[in-house]
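J.: Residue-level listing of the chains:
Protein chains: 2
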Amino acid sequence: VNILLHYIEKTFDVKSKILDFHHPHQLLEGLDGFNLQLSDHPESLEQLLVDCIDTLKYSVKTGHPRYFNQLSSGLDVIGLAGEWLTATANTNMFTYEIAPVFTVMETVLLKKMCEIIGWGETEADGIFSPGGSISNLYGILVARYKQYPEIKTKGMTALPNIVLFVSEHGHYSVKKAAAILGIGTDNVIEVKCDERGKMIPAELEKNILQAKKMGQTPFCVTATAGSTVFGAFDPLHNIADICETHKLWMHVDAAWGGGLLLSRDHSYKLSGIKRANSVTWNPHKLMGVPLQCSAILIREKGLLEACNQIGAGYLFQPDKLYNVDFDTGDKAIQCGRHADIFKLWLMWKAKGTYGFEAQINRYMELAKYFYKVLKKKDNFKLVFDAEPEFTNVCFWYFPPRLKHIPKGFERDQELQKIAPKIKAQMIEEGTAMISYQPCGDKVNFFRMVFSNPATRQKDVDYLIDEIQRLGKDL
Amino acid sequence: VNILLHYIEKTFDVKSKILDFHHPHQLLEGLDGFNLQLSDHPESLEQLLVDCIDTLKYSVKTGHPRYFNQLSSGLDVIGLAGEWLTATANTNMFTYEIAPVFTVMETVLLKKMCEIIGWGETEADGIFSPGGSISNLYGILVARYKQYPEIKTKGMTALPNIVLFVSEHGHYSVKKAAAILGIGTDNVIEVKCDERGKMIPAELEKNILQAKKMGQTPFCVTATAGSTVFGAFDPLHNIADICETHKLWMHVDAAWGGGLLLSRDHSYKLSGIKRANSVTWNPHKLMGVPLQCSAILIREKGLLEACNQIGAGYLFQPDKLYNVDFDTGDKAIQCGRHADIFKLWLMWKAKGTYGFEAQINRYMELAKYFYKVLKKKDNFKLVFDAEPEFTNVCFWYFPPRLKHIPKGFERDQELQKIAPKIKAQMIEEGTAMISYQPCGDKVNFFRMVFSNPATRQKDVDYLIDEIQRLGKDL
Ligand SMILES: Cc1ncc(COP(=O)(O)O)c(C=O)c1O
Ligand SMILES: Cc1ncc(COP(=O)(O)O)c(C=O)c1O
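So the protein lines, in turn, are chains A and B.
The first sequence begins at 498 in our numbering and counts up by one.
The second sequence begins at 498 in our numbering and counts up by one.
In case anyone wonders, no lab produced these hints; they're calculated from the structure.
Hints are all accurate, no fakes.
Cβ-to-Cβ under 8 Å is the rule here; a few derived chain B residues that face chain A:
hint : residue
1    : Glu-540
2    : Val-605
3    : Ile-680
4    : Gln-814
5    : Ile-830
Where is the CB? At the ideal position from N, CA and C, for every residue including glycine.
Make the full structure from the sequences, and use the hints.
T.: Structure follows, in structure tokens:
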């Protein structure tokens, strides 16, 4: 425990390195007495402690104030305490019988989240899953079942050639889900976005009509509320209108953006979400809950269970002493299911809804600040030049050498190499971490993102200086 | 932390109650100051501590020596420490970049497990997933992809009517997987078992031929190595022969039984497993690793990635500074993935392979002891009267009143009610927990199972006495 507390202290210390980088083969071969190989015989307790220390030593401090690498970042100590308690209770969510408190907490949270979405009047339903990708899979699975209940027993061969729609900036888990579900990635139709990364409703409409003309059968649209790279919000009301007209299931992937619903200042960006049939919302991203914590919420109650129920006699006995409605296992695609609920519940108790709101508003302020600073610097260029709608800010850094090359293929070829080089250097020195990617015709650019409660304005300034320091001679 | 240590102490104390039972509506409405509802405002730190204490108070002590309710039970303190460290590191398995130690540990463990299965010579592959159900889904997903790679892009409509086979005692997650994958539960053909619960190879062969005659296309057989209720092992060599003849993928669901491979005395029960194409093995069951920890192992290297790869540019940049083979994210059906590996790794270091073996052998001894004691008691009847092959022992208790009713419908109707009544009483008193279920033509019987390191012989004696005490007047 002392080892862990020491690590937590280090994590929050800006002066400590984010990571002590080594290559995979170095770790695999063993570093300085840190040997990952397993043996037939036990190790001493002292050696185990050293192993623990080494494991932390070579890990990445995802709670460090200058860790901006992923949408999930930061280390909330209350959430952490919640996870420790969960681990100690070490139980399984499939029945009320063995997880009485946690299953009821899950009901409370699902209801709360559905209310926040705006489904207050109707009885909504849902479940916590091991991540947003699985939650998206649930959404599409239930969408398919709703329109074709025979799928469950007869399989896809009983169905027409069904297709679904997602924006070109939608998360790749939608395609993964289509591959898994037997729909096929070719049957995921990518809808064009505007320059800001939002799905264009007219394009969606056009794609739907086209698909129908080609004999395909549209069944679902996945809108994105907070896209991974640009942080864009699809226009949900327009999409809902189109879904109504064509009688399509509307799934909203708010894995990243869902948390914004807790901010009275910013929730309007998800306006229309209450018209969705299902929503993915990951507390483990914007809300800072430790990984894993993701919810799939379904507006029509009972559908989830109807879709997934197999009714294993050995778990879901009808002749129990309590109300078996709380045995949630048959709603899940899993059997054993980790309790991801307690840490979220405890954090909510600790912060209150307003506490989450304050935290999220602060991220939005930081994003605005970051945008304003970059805008003024002529060796940085914003990918999209307008005040950020969310906490993502995408940008290029131009070393002096490149500033004078005119726009075009040649410059892009050079620019493509800049971000990876700067990032590699950052990692080797362990000073900061930020992600980059190419996207469409745009060569490698950085994506800054705020979801780390430890980050302060001075860390933002530091990052900008650091990029310049590492990049100026490239 | 003190709260947690106190709970752990209580857990191991046989004299403490396993649970303090309340009904769902009681918890939902709030008990004695324990209010599950969430508010806009934060709670005080003192209240949070009380909440934590209450959460544990109303939870089920799954590590209690008399907790026999599930295949996953027990509380391993090293595993727990591993989980605490994992929570503190709070990272994500999708890239080496942010989980350098954990991704390399995963490689080490996957290799080790593949070697134990007997795939040492070839390069095997796999991934840790959120549970055995998802691992089984992976197995069937990869099986389908291997035979029909076009499934990924074109979906099931491009395929013939494919069917798979599993024994009638196979786990229900196989059917769930078929429903999810778009294969359909009707296309899961259940193969008859012998009286011990093992798949009958001649029946499998018959079913395959029948399916072909009906125009269906067999593609996969799922054998079970350690069935959920009876603990039966399907005859893997015979099944492998049949799979070879008919060119079918052989998946072995060793979620429960996999751990037995670590026992030199008992591993022969899984003989033939090395001929499988894929294997599910849950360290979170027999090996006592805290939930969740499950592996899917695939014999042919590269298939898993080929099947699941979508190649998201924002995560899996090719231009990184390290060997990106260690970025495992594109093998997974998930995006974010919890680190389930460290606790297993740490436990393996702490026990050595021999430590796991000793523990598992002890469970087998306890099962044998339990069987022998029951056999001598004339108010108990074993569902299958032979020395247990695994740690499952299934039995009925006959209250004196029922002993004189002759076998038949009338007696069965009464017997059906006995186990639920005894269990309900046990739960209300919090003295022990054991599962029961009906199965086929067998009315409700108890399933005893050993996977809890805290259990001693005297706890077994206690359970027998307790069942008699609670049941004798029913
Ligand atoms: C034989 C078998 N396979 C698969 C599973 C599913 O494992 P999990 O609960 O981890 O999803 C179980 C669970 O009891 C099982 O007994
Ligand atoms: C928009 C969006 N949806 C879904 C996901 C997947 O969430 P998870 O990583 O929890 O699977 C992500 C992850 O970044 C995301 O950004």
